Amino acid sequence: MQEALTPDALATLYTGAHTHSHWLEKPVPDTLLVQLYDLVKMGPTSANCSPARFLFVRSAEGKERLKPALSSGNLEKTMQAPVTAIVAWDPAFYEQLPTLFPHADARSWFTSSPALAEETAFRNSSLQAAYLIIACRALGLDTGPMSGFDQQKVNDTFFADSGWKSNLLINIGYGDNSKVHARLPRLDFSVACGLE
1 MQEALTPDAL ATLYTGAHTH SHWLEKPVPD TLLVQLYDLV KMGPTSANCS
51 PARFLFVRSA EGKERLKPAL SSGNLEKTMQ APVTAIVAWD PAFYEQLPTL
101 FPHADARSWF TSSPALAEET AFRNSSLQAA YLIIACRALG LDTGPMSGFD
151 QQKVNDTFFA DSGWKSNLLI NIGYGDNSKV HARLPRLDFS VACGLE
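In full-length UniProt numbering, the protein residues as written are 1 to 196.
Hints were generated in silico from the structure; no laboratory data involved.
Hints may be right or wrong, so weigh each one.
[Unchecked claim] Below, computed lysine-lysine pairings styled on DSBU-like, alpha-carbon distance capped at 30 Å:
1) K153 / K41
2) K63 / K41
3) K41 / K165
4) K179 / K67
5) K153 / K63
6) K179 / K63
7) K153 / K77
8) K41 / K77
9) K41 / K67
10) K67 / K26
11) K77 / K165
12) K67 / K153
13) K41 / K26
14) K77 / K67
15) K165 / K153
Computed from a predicted structure; not experimentally measured.
When you get a sec, could you build the whole thing from the sequences and use the hints?
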């Protein structure tokens, strides 16, 4: 049995962490992005399918290509963020299953049902996006996840060759704590949960 995290560790990951919209001018090294992915990939997905694909946009040229797809409310904070992760999913994720899940012919589960493949890819890539946020916090980075963007523009601009489909965007960097909003309320257990 694993030991529970300390209150300080829980604060780093959850209770003390905030979504950031303002960023310090401090770069995120590529080596840290590799370390980040090496944590994210260890999070569980159904049948170890790992459908998420991550494009870390960090160059000025990349940000300019992303700019036309952003909603007005997400424009400034994304241009300022050191890195914007486009969390996408690979519609052909099942091609990797002979390696990722060698215990059974899991590939055939999805080649025979395009609807199941899409549902599985979207659900599990969303799960992997959450792992990305937690891994960022664990490594001392801050995040600002967003869904305000034109998905088709992002797909056309960045994934025309690969066929990947964008899911959400996550700004990554070192947040400016002087500009963090007060924490918004959360639903109580009695409202959001049930016991059976």
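Hint by hint, here is what the structure shows:
| no. | hint | verdict |
| --- | --- | --- |
| 1 | K153 / K41 | holds (27 Å) |
| 2 | K63 / K41 | holds (25 Å) |
| 3 | K41 / K165 | holds (19 Å) |
| 4 | K179 / K67 | holds (23 Å) |
| 5 | K153 / K63 | holds (13 Å) |
| 6 | K179 / K63 | holds (23 Å) |
| 7 | K153 / K77 | holds (19 Å) |
| 8 | K41 / K77 | holds (27 Å) |
| 9 | K41 / K67 | holds (28 Å) |
| 10 | K67 / K26 | holds (21 Å) |
| 11 | K77 / K165 | holds (23 Å) |
| 12 | K67 / K153 | holds (10 Å) |
| 13 | K41 / K26 | holds (25 Å) |
| 14 | K77 / K67 | holds (11 Å) |
| 15 | K165 / K153 | holds (11 Å) |
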